[in-house]
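Chemist: Residues per chain, in single letters:
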Amino acid sequence: MNPASTLPESPVLPPRDYQVYSGDDLATNVLEVAMGPQHPSTHGVFRMDVSLDGETVVKLKPVFGYLHRNHEKIAENVTYLSSMPYTDRLDYFCSMTNNWAYAMTVEKLTGIAVPERAEYIRVIMAELTRLQNHASLVGFFVNDLGASGTPLLYAMREREHILDLFEWASGARMMCNYFRFGGCRNDLPPGWLQQCRKVVDAFPAFMDEFEKLLTENEIIISRTQKVGILPRPLAINAGITGPMLRASGVDYDIRKVDNYGIYNRFNFRVPLGEVGDCYDRFMLRLLEMHESVSILKQALDSIPEGPVIGDVKARNFRPKVGEAYGRIEAPKGELGFFLVSDGSPKPYRYRVRPPSLINLTVLEDMCLGHKIADAVIILGSVDIVLGEVDR
Amino acid sequence: MILNTLLDNPDQILVNLFHQGAALLQACPALVIALGILLSTVPLVAIFPACFAITTWLERKGLARIQNRIGPNRAGWFGLLQPMADGIKMLLKEDIVPQTSDRLAHFLAPVLLLIPAFTVLSVLPFSRNMIPAAADTGVILFFALGSISTLPVFMAGWSSHNKYSLLGGMRAIAQMVSYEIPLVLSTVTVVMLTGSLNTVKIVEFQQVTHWIEGSNPALQILGQVLKWNVFTPWGFTGFLIFFISSLAEINRCPFDLPEADSEIVAGHLTEYSGFKYALFFMGEYVSAFAISGLAVTLFLGGWSGPNIRPWWSEDPRALLIPGFVWFFLKMFALILIMIWIRGTLPRLRVDHLMAFAWKFLMPLALINIFIAGAYYYLPHWIGWPAGLIVIYACYEGLGRINRRHLGPKRIYRYA
Amino acid sequence: MNIAFYLLSALAVTGALLAIRLRNLVHATLCLMFFFISLAGMYVLLMAEFIAAVQILVYVGAVGILILFAIMLTHHITGATRERISSRGWLWGLGAALAVLFTVLLPVLLLSVLPAAPATPDFSPSVRNIGLSLMDPYTITLQVMGLLLTAALIGAVAVASTSVRPQDKPRT
Amino acid sequence: MLGKGIINGLTVTAWNFFGSYFSKSRLTTVQYPEGGNTVTAFSRNIPFLVFDDANAPIDSLRCVACKICEKECPPQCIYIVQDKDANGKLIKSPKIFDIDISVCMGCQICVEVCPFESIKMDSHFELAGRDRFADLLLHREQLAKSNDYYHKIHPAEAREVDDRLAAKQKKAGPA
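Protein chains in written order, with the numbering used here: chain A, 1 to 391; chain B, 1 to 415; chain C, 1 to 172; chain D, 1 to 175.
Chain A on its own, in the form it takes in the complex:
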């Protein structure tokens, strides 16, 4: 099914050459504002050099790199296993999906088999991560709109339940470091599945309350609809992935395209937006949370017993020479790992494809012509985490 043709063409934006009107009498000069690394709503150390004509954004240059920790070079001097804890620090909101992407790439490189129960655990952990990431993202997004933290704290309250589950299973709330090549580090403790079932059953009640608070709110509607429109051709050419791409109407979800792990055993739907503005991206994440809850319910029903990890040597683990690229549908988009191994216990090349960074490249196209208040919420709707952007 050709995604581009079926949907109505979203409005194409006029060319980007927005000049300041310097007519004869009322020329206003452009105000250069650096919404700098130290700013309440840039989701971490990220700077936007905005030049304003009055309140309207005329030019916007994103500047990042403040959180660059040289993750890929370090990974080249450390064994495969030792760089697993560092993947938690990539996108510190969803450490489980980062671990899964890295573990999957190494399994692709070495061909290790993953037992059945471990696959189910991976799907459960990934969908739980997607729930808490989307919930806290919508909370931060509405917080940028100005609601003084109320939706954010409702989302954080639900996120706490999920983080407690992570801590119970992997030992740490955010830096889980739970997956290993060929499965998980340890089996789920007894009683974990019943508690997880309770949390998943309680989630729809929270979401109805959340949607009742936010979706029909006239102020949110008037502030986010038709704001930061990302046209479909621009989204495809700029390599945008994840909820941002689907909000513009392109049907591309790696869980359906690659069918990695055991996603083909669960039936779930992929929501699509029409116009691709902030409101669509905001609604997309709420709808995806519903889908994740249905996946979790199916996975929790059919998780088998059995071993959790194959027989993999922890020390001097030497994969054969070769390269592999593994990718998964992380909550922010397509998170990929590219590994080149020269047979030694240390990878020759270790590359991460960060979805937030690539989704950030179109920020200026979306913000031109809008007010400064819109630039803030467009950045919020892109959902960036600086750990992943700067690596």
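Think of the hints as simulated: they come from the structure by calculation, not from any bench. One thing to keep in mind: the hints can contain errors.
Below, in silico cross-link-like pairs of lysine-lysine (BS3-like), each with a Cα-Cα straight-line distance of 27 Å or less [said to hold, decoys possible]:
hint	chain 1	residue 1	chain 2	residue 2
1	D	LYS67	D	LYS168
2	A	LYS212	A	LYS297
3	A	LYS313	D	LYS24
4	D	LYS145	D	LYS67
5	A	LYS313	D	LYS71
6	D	LYS67	A	LYS73
7	D	LYS84	A	LYS320
8	B	LYS61	D	LYS24
9	D	LYS168	A	LYS313
10	A	LYS108	A	LYS59
11	A	LYS346	A	LYS73
12	A	LYS346	D	LYS71
Fit chains B, C and D to the given chain A structure using the hints.
Modeler: Coordinates of chains B, C and D only, in the frame set by chain A:
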């Protein structure tokens, strides 16, 4: 002898005490005038900062409970000493004045904000014959002094020579000037029907005096409550427009654009720290009290509340509970609603703010004036329903006109 | 009562003088508004509360703020910079002012016959009377003033809106 | 109705306001110093060295100073110096075993790669110290904790480790 006159009508205790005091100082009239002035200004300057302290505690606890947190509970019992802790902290904080800033304007801004905030309180009738300045042009004086508060906000924004505060200052000017029109227009209806600008007369207009002085206690209570302006169609819309515009006048959410903390750091308050920031904070809260006090006077019947006559006194106008109790109760109810709204609604964008004021609130207020006029001449049983229908029609019509660009409700397909 | 009058007039005069002499335009405007407020104080002394309130509302609330708004938002004219018109000729200015005072103002003041006692104060100044008089003898002037003000308003909007070219309009 | 969304939102916040007084599921704040134990069975913070009999802690350390964990540790925060006996021959126990807990990120890699089950993760998290360098560099004495302490914090895991050690002991014993 003094005791039974005091007890004769309990709600006038403070007023009678003042008269007794004045009688003692009969010797030289200057002292009596001095006592009069003192008694009308000192309570204002004492009570309202205390209310400010209580409200900061209420706001933090209320917002916390809305967000399922506990709120401050470490400073004192249930966190009640938190406002004092904040005050001391503000005093100890270093007062940084940016070097390139315009010193005089930077210093004057908080002072100029407090002057209108406190002088405006002199016009509000706190209880029967307990009004600091019984001005015949009460309401106009209120708006005249209230409009001065636009200046210090912009002075703060401009004088700190900081891009964010300049943006905040400009937004403040645009917002305050354009929300004054609906504010004044919504009071026109009340003034028109009361026939006077004097706030005391406005409150008396909302009381059915012959019922109050009658014998039947039920009628007494009804007499004090039933005739509030808010229970008439034009009064209810007037109250809504007044309340929404007052939210904009004092920069409270959802109109807190001048100090929008997610966009322009702290707006015009970015370069303020220490006690000047606390003064700005107090100025904002006291003007919130003042404007909700006026809302209570105009629409919620000022100091009249369900009150019974003490059985032991034969003076028909005596009431048991003093008027100012009702006045402060209603005022704090409005403040709680403001806190509730602050916990829920996001912020408006600048051009929506303008469009909302000029294209929605002002036409609605104008139509409201016509309806109030018609209500005055039509008998009540026609005026009431007709007014409601017309206002609801205009409300929906204006709403639809203003939201044409948004398009239909979004439906999402699943691939 | 006249202590208040002397105090207010002293404030008014200093406000006006400072408004002229001050180097920084913003401070000058503040002193001008200070002058307006002291004028409103004098109206209160004359028992004309309505005019005092309107004076504050119109002059301080609107005119003053618009002047300040204009000064603050155009660049390099806040007077903080060096170039000021400080010609030596202020002596001549003073001389001209005194000349006008003695030749024109003083004779008029001294010779004109003022009514000894103030007019009989039967006319108690109240808003109601102002409203009624506005309605019956002066209705037409009220309507004309309304028309004039609306014309001015529309003119201002017309001037301001032409500065934004249609294609520069933001996309929303 | 125009204001329907806003009114819905207000009812939700009002519902939460009153809910936080009655229903336990809404008010989830844990007043840390007073009450609420936030540690679960598996939580891991900083490693510790296990010793078997309590009256001679340092000698009965399971650690043989093989330095595998020092090599494998991602942030390189472990420092080991092997002990020597009277006449200078290396013996199988660490003279110095330092962990710089300001660098350690609690990733548990050292526990997995240790072949002798001698280093385990502790769930004790109040580690604040006055001096940034001295207090946060734990030496062998501060790191050593008894096996029954291990049984106390991670009971299931400790039993598993003991069974494995017993099995290895039996297999190595008769041979």
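Chemist: Now, for every hint given, state plainly whether the structure supports it.
Modeler: Right, here's what the structure says about each hint:
1. With a C-alpha separation of about 21 Å, the suggested pair LYS67 of chain D and LYS168 of chain D falls inside the 27 Å cut-off, and the hint holds.
2. The suggested pairing of LYS212 of chain A with LYS297 of chain A holds, with an alpha-carbon distance near 23 Å, which does not exceed 27 Å.
3. For the suggested pair LYS313 of chain A and LYS24 of chain D, the alpha carbons sit about 46 Å apart, so the restraint of at most 27 Å is broken.
4. The hinted pair formed by LYS145 of chain D and LYS67 of chain D meets the criterion: a straight-line CA distance of about 19 Å does not exceed 27 Å.
5. The hinted pair formed by LYS313 of chain A and LYS71 of chain D meets the criterion: a straight-line CA distance of about 16 Å does not exceed 27 Å.
6. Of the pairs offered as hints, the one joining LYS67 of chain D and LYS73 of chain A holds, with about 24 Å between alpha carbons and a cut-off of 27 Å not exceeded.
7. At roughly 40 Å between alpha-carbon atoms, LYS84 of chain D and LYS320 of chain A are farther apart than 27 Å, so this suggested pair is violated.
8. Of the pairs offered as hints, the one joining LYS61 of chain B and LYS24 of chain D holds, with about 18 Å between alpha carbons and a cut-off of 27 Å not exceeded.
9. Between LYS168 of chain D and LYS313 of chain A the CA atoms are separated by roughly 18 Å; this keeps the pair inside 27 Å, and the hint holds.
10. The hinted pair formed by LYS108 of chain A and LYS59 of chain A fails the criterion: a straight-line CA distance of about 44 Å is larger than 27 Å.
11. Between LYS346 of chain A and LYS73 of chain A the alpha-carbon distance is near 11 Å, which keeps this suggested pair within the 27 Å criterion.
12. Proximity of LYS346 of chain A to LYS71 of chain D is assessed by CA-CA distance (about 13 Å); at most 27 Å being required, the pair is judged to hold.
Of the hints listed earlier, those the structure fails to meet are numbers 3, 7 and 10, in rising order.
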